[in-house]
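Asks: Please build the complete structure, drawing on both the sequences and the hints.
Residue numbers (the numbering used here), protein chains in the order written: chain A, 1 to 514; chain B, 1 to 313.
Each hint should be verified, as a subset may be incorrect.
Claimed, not checked - BS3-like cross-link-like pairs, simulated, lysine-lysine; straight-line CA separation at most 25 Å:
id, chain 1, residue 1, chain 2, residue 2
1, A, Lys444, A, Lys461
2, A, Lys225, A, Lys256
3, A, Lys107, A, Lys181
4, A, Lys256, B, Lys59
5, A, Lys121, A, Lys110
6, B, Lys274, A, Lys235
Calculated directly from the structure, the hints in this document are not laboratory data.
From a predicted model like this one, the values you see are computed outputs, not experimental measurements.
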Amino acid sequence: MNTHGAPAALRGVITGLILALVLGLLGPMNSAVAQQPELVLRMVDELLNMDPAQIVTAPDHQIAYVVYSGLVRQKQGSLEVVPDLATKWDISADGLIYTFTLRRGVKWHKGFGDLTAEDVKYSFDRIMNPATRSRYRADFSMVKSVETPDPYTVRITLSEPYPAFLSAVLAYRPGYIVNRKAIDQYGRQYMSNVVGSGPYVFDRYVPGEGVYVSANRDYYGPAPKIQRALFRIVKEDAVAEIALQKGDVQVAYIEKAAVMAQLVKNRAVASRAIPLPRIFFVHFNMNRPPFNDIRVRRAMSYAVDKKAIVQGVFLGQAAPSDSVLSPGMFGYIPDVRYDYDEARARDLLSEAGYPGGIKGKTFEFVVLSWADWEPMAAALQQQWRKVGINVKLTTMEEAVYQERRRNLEFDLLTGNALRLEPDQILASWFHGSQIPVPNASSYKGADALIDAARIQVDAKKRFEFYAAAQRKIQSDAPVIPLLNPTLMLAWRPEVRGVEVGFLLYQLETMSIGR
Amino acid sequence: MTAFIGKRLISAVAALLGALVVMFLVVRLIPGDPALILLGDSYTPEAYAATREALGLDKPLPVQLANYMRDVLRGDFGSSFRTSRPVMPQLLEQFPFTAYLAVIGLMIAVLVGVPTGVLSALRRNSWWDQGAMVVALLGVCTPSFWLGVLLMLLFSLRLDWLPAVGGGTLGQPITVLRHVVLPAMTLGLASAALIARLSRSALLEVLGQDYVRTARSKGLRERAVISHHALRNALVPIMTVVGIDLGRMLAGTTVVEIVFSRPGIGHLLINAVKTRDYPQIQGAIVFYIALIILVNALVDVLYSAIDPRIRYA
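Replies: Laid out in structure tokens, this is it:
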């Protein structure tokens, strides 16, 4: 068959491989060749979903934020709600009827026509329709009806007043408006054919690579300066650090404090740590003894040296937390607090019947493997050991962690909440109706106060209810609020106008300059 | 040959179907609930039930399996839990990235490994031999994520020759090649080390055979002895390892694709495992198995090209 000897056979194999490769490289050339992006931003993970009725993760929210618009939006870096598709709105005196006046001439991306009140009605009705199986259906539970008296007016009637409606629902994830034709037309392919009306058009999503967007020329707001951008998926912080220095990525969130500390020292890269309305905490499983005993929960709260964790683990890129709400949030009032006090912790344990600590028992602390949470949990383990409480760490990836959380299979559990409205935190993480998720502590002590605050139209009274709810929760200690992390952001010096909202890049304000 | 290929095809399909059933059950044994991943940090019990129903996870396992196998036999590998898109088109879309990576990685492995091993065998116990084998041992032991970051630091950051992350744009051969060099080196160098060690021992063994002595005593030039008689016979075990190694390499692409933030099937698979996207995991594994079966069949055919004594009837 082959008479030229062994190297010829090898040559044959290699020639074949080269041929296959060249053919492979040439093959896809027929497809449209995309232009290079002007700006590359880091995204930490894949997209999960691009349907506003279903979006969950930070990457989903990031892309949705630049692609879609809502009636209103959160003013970046503040907790204030500002106009978006609606130029103005009226709220009836009883807080039940919201009437929005829409901007005229807003165009859908990709030639899908004008955006009208019908689109708004469709988007909200769709979330409320059980057949959509939207995870945000409960957020609209107080909505009685959505009506469109004319193409540029939307009237939303609530069954009970809900003053947080604008910020917690409409300016939040489920508030984005979708195009009915696109949803119907693309069906299961919608994820590859997203249609919005925001500053950027969703061009394509390449799993493993990222999301390409381009400037919306018909955008009703200030014209975006960057014409084409890529949100590139870079999962590892160490790789993001290299890519940033190399210029393969120009703007990046950093998840680990140690990597951020390196970048801060690097003069070739600009960086900033921005305070966030986010809180890291530890859930007690109040269904299991001894965590059903308030004295044990308080003792463990006093035993935690938050400042040491902030400095030692987060290298100062966080602030110790003293309430279940974040500083700056409406209603935040850190009256009842647990400043580090080992002696107090020991006394409380003795009072609870455990002089010298809880002997002969080791509790399971379930920790999500994410960012700096493992060293954070290890620091907590050491601090509790000092007062005689032994815990073992069970570190798990998200899929298993979520299952443990849902089934309440833990003694202690790491927790995290990032919301702008106090109602979103209190009515979800601390209300009896939300057991087991996200209320993994199974706490019901402040339900009445939270319910009262929720429907209180008078801002002053609402503040009082939130303050009272907070005092009650802090004193019952269903969780230990640990710290408020910052958003750690680094970018190349040629990128101008780097503004940041809460965990979101403000792509529309960025530009490239020298 | 036709009968041989036919037999191989039947056993390949049987292996694939068997693997599908095993994978179907195994992915469901891993703890973690796909619905919870889709729902995030806050949801109602109704939303949870609705999501499980939408994913078909509310049905008993045998029913799920029967439905899945029925769809597969019709050529439908299901849709991703995450993106709702059919599984196979997504895999095919990503396949070119993984294919370039694996093929160029393999070329690096063969082009570096075989000559190194051959030289080591010919200069047995020389400083070259000792040095190359120590480097090869290090190469076999080096974890690819570490090697990848080192290469990135050197060639991207320090020397500024090649991009650190990404896969390039399909249809632009130069960018695709520039993006594939570092990941392929990461993948290929570890295999090169293995192939070098194996080539050395295979060639040494052949060089001690009677027919090599006969060839030499016939007065053939040493070059002809090595290339026509020794290396050709040594290639059979090397081919086997290269074939097996391509399978290992395809698996290795998972780590390399994550480190270099490259698209590809490995990246897709890791992500599917993370989000418990059962149909996507099953699809990706079947894809890998099909590739490995194909490569092994190719290796079998190549045997007969290298060694005329091997004939398939």
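Asks: Now, for every hint given, state plainly whether the structure supports it.
Replies: Do the hints match the structure? See the list:
Simply put, Lys444 of chain A and Lys461 of chain A have alpha-carbon atoms about 22 Å apart, close enough for the 25 Å limit, and the pair holds. Taking the CA atoms of Lys225 of chain A and Lys256 of chain A, the gap is near 30 Å; set against the 25 Å cutoff, the hint is violated. Using a Cα cut-off of 25 Å, the hinted pair Lys107 of chain A and Lys181 of chain A holds, with the two alpha carbons roughly 14 Å apart. The suggested pairing of Lys256 of chain A with Lys59 of chain B is violated, with an alpha-carbon distance near 41 Å, which exceeds 25 Å.
This hinted pair checks out: Lys121 of chain A and Lys110 of chain A have alpha carbons roughly 21 Å apart, not beyond 25 Å. Straight-line distance between C-alpha atoms of Lys274 of chain B and Lys235 of chain A comes to about 13 Å, which keeps the hinted pair within the 25 Å bound.
The structure does not agree with the numbered hints 2, 4 stated previously, though it agrees with the rest.
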